[in-house]
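Peer 1: Please take these sequences and the hints and turn them into a complete structure.
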Amino acid sequence: MKKYLNQKGFSLLEVLMTLSTVSIIIFLLAGIPNSINLITKSKHLDLVREISSRQIEELRIASYNNLANGETSIVDHRIKLLPSGAAQLLIEECPISVCTNNEEAKKIKITVTWTENGKPQNSIIETIISSGGL
Amino acid sequence: MKNNQQGQVILILLLIMTVALAIGLSVVQRSLTDVSTASKLEQSSRAFSAAEAGIEQILQTTDPSVITNLTENNASASANRSNIPSDPQTSQQEALEYPPVTRDEIANIWLANPYDATLAQFYNQPTLEVYWGKIPVATNNQNWPAIEIKLIYVDSSSVYRSRLFYADPAPSGDRANNFTRPDDTVVFNSGSGCNPAGLTAVETTSSPPNKIFYCKVILKNLNTSSLPGGLSKLVLIRLRLLYTSDSEPVAIRGVGTCGQDCALPRQAQIYKSIGSSGETQRTIQLFREDKVVPAYFDYAIFAEGVIQKIPN
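Chains as they are written, first to last, in our numbering: chain A, 1 to 134; chain B, 1 to 312.
Just so you know, these hints were derived from the structure itself, not from any lab. Backbone N, C-alpha and C define an ideal beta-carbon position, used for all residues, glycine too. Accuracy of the hints is not assured; some may be wrong.
[What the hints assert, rightly or not] Partial pick of chain B residues on the chain A-facing surface, computed with a CB cut under 7 Å:
(1) Met-17
(2) Ala-38
(3) Ile-55
(4) Leu-70
(5) Gly-259
(6) Asp-261
[Unchecked claim] Quick partial rundown of chain B residues pointing at chain A, CB under 8 Å, derived from the structure:
(7) Val-9
(8) Leu-13
(9) Ser-26
(10) Val-28
(11) Thr-37
(12) Glu-42
(13) Ser-49
(14) Glu-52
(15) Leu-59
(16) Gln-60
(17) Glu-72
(18) Leu-164
(19) Glu-289
(20) Asp-290
Peer 2: See below:
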């Protein structure tokens, strides 16, 4: 009696290893869209920071008397690199809550809004500019 | 029964898994770091704007310190002001160091009190130490720093006068000027000279303490009988570096420990503002010298005769 034991197939260990490898690869691939989102988000944050800083620098260089109170739209070619990007500049007399000694100064507020994956985001930077100051 | 087991699948699988894991993890880690950096940068610019706001506020007041709260922006700043030198009465052993000057820039250091309406006398000793130059010094002789020292004083007839001293550490004959060598004991007090003559370190108003300068001269005979016209009070000393193309530190030190008579008056103010937002902090320091007489007025003040403006 000849027993012909010819089992062709995959051993248990092989199957388990394959399953675990494939599942790890799938998890990693699933993480790629998330990574791309994060990289885009950090690019946007960088742009926002650049836009705000440049605006503040320009206001400091300008003569204090030319700073008119009110809200205006900021013009910067980088704003259109942000999805639905917009930036507002608000100049007002420094309120007593901030300028406790009632100094002659103006409070500047720069608000940049954009959308990240459809969700609206905003970033605000405030500072004070006075005559004869920095 | 033959048990013939051959296979390399596991090995290959292991290798593929390791490589895939390594690539995937590094991508994830890069993007996480990116986002964290971007949000820290945003906080950092808010902190910087708050620090600038703090400086603006303290420039407008006379308070010694000011706190600025920008609550809508989640940022605040704390600013304070301090005098240079810090306390004239006790700091006479400290050399007053001016921010580094480049060729043809002039360092002005007051010897009388500029914050007094009558420019009251302050320093009145017959000697005064002048330090300049940084170590190591370039060996090519284009860069040896020579110095022009102009001492401005009021003579006994209340006329403003100036006295010039020139010192050059370059070997005599190298440059065709008639400048004095710093170790010349006819013009300067003994103890003057340049390194490496073993000059000891001197405590200065700037950091780090115990700074060593390249050269030192001690001006002497700054008293009534030796200065042309006699001396009523010392007013100002101007230092100008020549020949060197680098920026070099300069400093002045009063001699003696006799209170105001041996000390230098207040020269300038330093404003420091620390802005913070979240966990980030940014600091701004501003040096303001507000009592300066520009050097080109020297031609008008020290003219021998009458100055006439010729209409064109």
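Peer 1: Hint by hint, say whether it matches the structure.
Peer 2: Against the structure, the hints come out as follows:
{"no.": "1", "hint": "Met-17", "verdict": "4 Å, holds"}
{"no.": "2", "hint": "Ala-38", "verdict": "4 Å, holds"}
{"no.": "3", "hint": "Ile-55", "verdict": "6 Å, holds"}
{"no.": "4", "hint": "Leu-70", "verdict": "5 Å, holds"}
{"no.": "5", "hint": "Gly-259", "verdict": "35 Å, violated"}
{"no.": "6", "hint": "Asp-261", "verdict": "35 Å, violated"}
{"no.": "7", "hint": "Val-9", "verdict": "5 Å, holds"}
{"no.": "8", "hint": "Leu-13", "verdict": "5 Å, holds"}
{"no.": "9", "hint": "Ser-26", "verdict": "10 Å, violated"}
{"no.": "10", "hint": "Val-28", "verdict": "6 Å, holds"}
{"no.": "11", "hint": "Thr-37", "verdict": "7 Å, holds"}
{"no.": "12", "hint": "Glu-42", "verdict": "6 Å, holds"}
{"no.": "13", "hint": "Ser-49", "verdict": "4 Å, holds"}
{"no.": "14", "hint": "Glu-52", "verdict": "5 Å, holds"}
{"no.": "15", "hint": "Leu-59", "verdict": "5 Å, holds"}
{"no.": "16", "hint": "Gln-60", "verdict": "4 Å, holds"}
{"no.": "17", "hint": "Glu-72", "verdict": "6 Å, holds"}
{"no.": "18", "hint": "Leu-164", "verdict": "35 Å, violated"}
{"no.": "19", "hint": "Glu-289", "verdict": "15 Å, violated"}
{"no.": "20", "hint": "Asp-290", "verdict": "11 Å, violated"}
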